[in-house]
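Peer 1: One-letter residues, chain by chain:
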Amino acid sequence: MELQWPVTEHAPVSQLQLTRVRQPEAASPGFDVDEFCRDKGIASDRDYLASLALKYFPGPVEIEFRVESDPESDETWLVVEAAHVDPTMVLEAYNSLLQEWIENTSPRSREHLRISFSVV
Amino acid sequence: MNPRSFLSLAKALVDDATNSRIASPLHAAACRSAISRAYYATFQVACEFFTSIKLEVGRNAASHITIQHALNNSGDASLIAVGMKLGTLHRDRLKADYEPNWAESDKSRHAAKLILLADEAIAKLDELTSGVASRAFDGTPIASQILNWASLTQKNIRSTK
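Residue numbers (the numbering used here), protein chains in the order written: chain C, 1 to 120; chain E, 1001 to 1161.
Some hints could be false.
Claimed, not checked - Keeping only pairs whose Cα atoms sit at most 16 Å apart, straight-line, the calculated EDC-like set for lysine to aspartate or glutamate is:
{"id": "1", "chain 1": "E", "residue 1": "Lys1107", "chain 2": "E", "residue 2": "Glu1048"}
{"id": "2", "chain 1": "E", "residue 1": "Lys1107", "chain 2": "C", "residue 2": "Glu68"}
{"id": "3", "chain 1": "E", "residue 1": "Lys1095", "chain 2": "C", "residue 2": "Asp70"}
{"id": "4", "chain 1": "E", "residue 1": "Lys1095", "chain 2": "C", "residue 2": "Glu75"}
{"id": "5", "chain 1": "C", "residue 1": "Lys40", "chain 2": "C", "residue 2": "Glu68"}
{"id": "6", "chain 1": "C", "residue 1": "Lys55", "chain 2": "C", "residue 2": "Glu75"}
{"id": "7", "chain 1": "E", "residue 1": "Lys1107", "chain 2": "E", "residue 2": "Glu1120"}
{"id": "8", "chain 1": "E", "residue 1": "Lys1161", "chain 2": "E", "residue 2": "Glu1056"}
{"id": "9", "chain 1": "E", "residue 1": "Lys1011", "chain 2": "E", "residue 2": "Asp1119"}
{"id": "10", "chain 1": "E", "residue 1": "Lys1011", "chain 2": "E", "residue 2": "Glu1120"}
{"id": "11", "chain 1": "C", "residue 1": "Lys40", "chain 2": "C", "residue 2": "Glu75"}
{"id": "12", "chain 1": "C", "residue 1": "Lys55", "chain 2": "C", "residue 2": "Glu100"}
{"id": "13", "chain 1": "E", "residue 1": "Lys1054", "chain 2": "E", "residue 2": "Asp1138"}
{"id": "14", "chain 1": "E", "residue 1": "Lys1095", "chain 2": "C", "residue 2": "Asp86"}
{"id": "15", "chain 1": "E", "residue 1": "Lys1095", "chain 2": "C", "residue 2": "Glu72"}
Said to hold, decoys possible - Taking CB as the label site, the calculated pair distances span:
{"id": "16", "chain 1": "C", "residue 1": "Ser96", "chain 2": "E", "residue 2": "Glu1048", "range": "24 to 34 Å"}
{"id": "17", "chain 1": "E", "residue 1": "Arg1021", "chain 2": "C", "residue 2": "Asn95", "range": "42 to 52 Å"}
{"id": "18", "chain 1": "E", "residue 1": "Arg1021", "chain 2": "C", "residue 2": "Gly41", "range": "46 to 56 Å"}
{"id": "19", "chain 1": "C", "residue 1": "Gln99", "chain 2": "E", "residue 2": "Pro1025", "range": "14 to 24 Å"}
{"id": "20", "chain 1": "E", "residue 1": "Ser1005", "chain 2": "C", "residue 2": "Asp34", "range": "35 to 45 Å"}
As the list claims (entries may be wrong) - Partial selection, computed: residues in chain E whose CB lies under 8 Å from chain C:
{"id": "21", "residue": "Asn1073"}
{"id": "22", "residue": "Ala1081"}
{"id": "23", "residue": "Tyr1098"}
{"id": "24", "residue": "Lys1113"}
I should point out that these hints are in silico values taken from the structure, not numbers from a laboratory.
As the structure is a computational prediction, the values presented were derived from the model and not from experiment.
Where a beta carbon is used, it is the ideal one built from N, C-alpha and C, also for glycine.
Start from the sequences, fold in the hints, and give me the full structure.
Peer 2: Right, here's the structure in full:
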């Protein structure tokens, strides 16, 4: 499937969902998550990816944002980490998340964001 | 060596850890090694894919990221998904290799899920390059799109045509 851009606007993560997103300062010591997102222009897409994780991953999922660096190169990115994911159907959920994420985001935004999960 | 052997080794390590064929003190090391091998299997098969569409990615520390971003800028949804999976695997491989306190290393279940993720990504790349994909696959426009992106962003990718 060939993709077309520009992309559509997506709704921000809801207030209810935000209660399941941990404070970024606690998850990413030494890095300012909000500053990273402002600098890269990805705050909206960060929240969108978090909302997709809560939408698709089964279980009592909690979201953490972490700015991480590659110790082997100078690259830095933001990880949206879904914790406490029920291992049942996790890959199906991951693939559904990816499909919606890819359909609605630009390549530039995706370069700065990664999704990760940990199972219960 | 066939890079898919790395994935077979990863499966064997997790299987042995799960079934107590590896001593408990070595459990975390086995799971971490499995995560690392699963990533490298996928990375090497992705390199093979680039070779198959007549592209060469410069080999250095940045090539791991360059390949993910190149797939992300391929314009093909299935390849973008492979790039995202590679990103997830790469992130956990760095955790497994560099962070001794990373708690997920103790869970063979986590390693097993990542192995399945690697399996899916490799199967997709193999499907495209083997010509048995459910849709016709033409690597030429994809290579062209990636080269265009690489030129604009000054990435170390060149055509081998």
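Peer 1: So, for every hint listed, does it hold in this structure?
Peer 2: To see whether the hints hold, each was checked on the structure:
no. : hint                            : result
1   : E:Lys1107 x E:Glu1048           : violated (31 Å)
2   : E:Lys1107 x C:Glu68             : violated (22 Å)
3   : E:Lys1095 x C:Asp70             : holds (10 Å)
4   : E:Lys1095 x C:Glu75             : holds (15 Å)
5   : C:Lys40 x C:Glu68               : holds (14 Å)
6   : C:Lys55 x C:Glu75               : violated (29 Å)
7   : E:Lys1107 x E:Glu1120           : violated (21 Å)
8   : E:Lys1161 x E:Glu1056           : holds (10 Å)
9   : E:Lys1011 x E:Asp1119           : holds (10 Å)
10  : E:Lys1011 x E:Glu1120           : holds (14 Å)
11  : C:Lys40 x C:Glu75               : holds (13 Å)
12  : C:Lys55 x C:Glu100              : holds (11 Å)
13  : E:Lys1054 x E:Asp1138           : holds (12 Å)
14  : E:Lys1095 x C:Asp86             : violated (21 Å)
15  : E:Lys1095 x C:Glu72             : holds (12 Å)
16  : C:Ser96 x E:Glu1048: 24 to 34 Å : holds (28 Å)
17  : E:Arg1021 x C:Asn95: 42 to 52 Å : violated (31 Å)
18  : E:Arg1021 x C:Gly41: 46 to 56 Å : holds (49 Å)
19  : C:Gln99 x E:Pro1025: 14 to 24 Å : violated (41 Å)
20  : E:Ser1005 x C:Asp34: 35 to 45 Å : holds (44 Å)
21  : Asn1073                         : holds (5 Å)
22  : Ala1081                         : holds (5 Å)
23  : Tyr1098                         : holds (6 Å)
24  : Lys1113                         : holds (6 Å)
In this structure, the hints that do not hold are numbers 1, 2, 6, 7, 14, 17 and 19, in rising order.
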